[in-house]
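Novice: Between the sequences and the hints, there should be enough to build the whole structure, so can you do that?
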Amino acid sequence: MVNNILQMGHMARGKAEFGECMQSEMPSEECSEALELKAVDAVGFIACNISFENTAGPEKDMAVALRSDSDLSIFYRCGIYGYQDSLYPHSKRQFYKECIIAGTVDFIFGDATAVFQSCQILAKQGTLRQKNTITAQGRIDPGESTGFSFQFCNISADYDLKATTETYLGRPWRNFSRTIFMESHLSNVIDPKGWLEMDGTHYSDTSTYCEYSNFGAGAKLDNRVKWPGYYILDEREAQEFSVDKFIEGNLWLPSSGINYTGGL
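The opening residue of the sequence shown carries number 1 in full-length UniProt numbering; numbering runs sequentially from there.
For the record, the hints were derived by calculation from the structure and aren't laboratory data.
Just so you know, even glycine gets a beta-carbon here, dropped at the ideal spot from N, CA and C.
Check before you lean on any hint, since a few could be wrong.
[Stated by the list, open to error] Cβ pair distances, simulated, as ranges: (1) I232 x D141: 39 to 49 angstroms; (2) K193 x T127: 14 to 24 angstroms; (3) I232 x H202: 39 to 49 angstroms; (4) K193 x A42: 31 to 41 angstroms; (5) L251 x K226: 30 to 40 angstroms.
Specialist: Below, the structure is given as structure tokens:
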């Protein structure tokens with residue numbers, strides 16, 4: 001495989017910035033062209049030591065910093081910064097390793113099959129009375145293999161987050177949304193309920209949200225949501241969302257030279 005590699009500087013220092021476009025100012029297609037890095041669609045794309053930032057600010061609604069449609073793509077020691085909808089793993093198999101990802105509402109959203117391993121996930125301060133949701137996964141068919149899996153990650157507050165701002169692991173963007181947090185540190189930034197419903201929908205009835213062996217003040221399970229698709233996984237079940245199982249990483253990651261953990 002010939003990889004398409006983008007590399008700049010040291011970890012999270014180089015930036016690809018996108019300006020002031022926001023959803024309310026222009027049609028969605030035009031806005032998408034202005035906000036998304038459209039180049040990330042080649043098979044085997046690798047980005048190392050570079051950051052992507054959307055500077056539109058918290059009041060500007062949807063503002064994507066990075067979109068990826070690249071199958072077998074790797075983002076290693078990258079920074080992805082924005083507010084609402086910072087990172088858009090739109091489709092296909094993707095791997096994020098030792099990245100910093102920061103935002104407010106649905107700031108990791110899309111319908112890729114993606115594993116985030118050893119990443120720093122930072123909740124920022126949004127607008128007044130706005131609730132933070134880290135993920136909004138978009139699976140629309142229960143037969144799809146898509147979903148987000150977070151392993152060995154650190155979920156915490158960015159420097160500007162107020163203690164009164166509610167922050168959740170995610171909410172269902174589509175009716176069969178699927179997200180897993182496992183073996184990760186969840187700080188006290190996470191609301192005891194863990195997960196939030198999507199306004200005006202019943203997607204929580206058909207979505208899949210799972211946790212396994214997390215730790216930290218935000219990992220307590222006593223007051224978690226009681227949705228039909230919310231599960232505490234056992235070790236065998238959690239293995240299905242590991243790098244080797246979920247994105248078949250053992251078949252394509254070794255050639256990159258990037259260290260990763262294939263199982264639990």
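Novice: Taking each numbered hint in turn, which are not upheld by the structure, reported in ascending numerical order?
Specialist: Of the numbered hints, 1, 3 do not hold.
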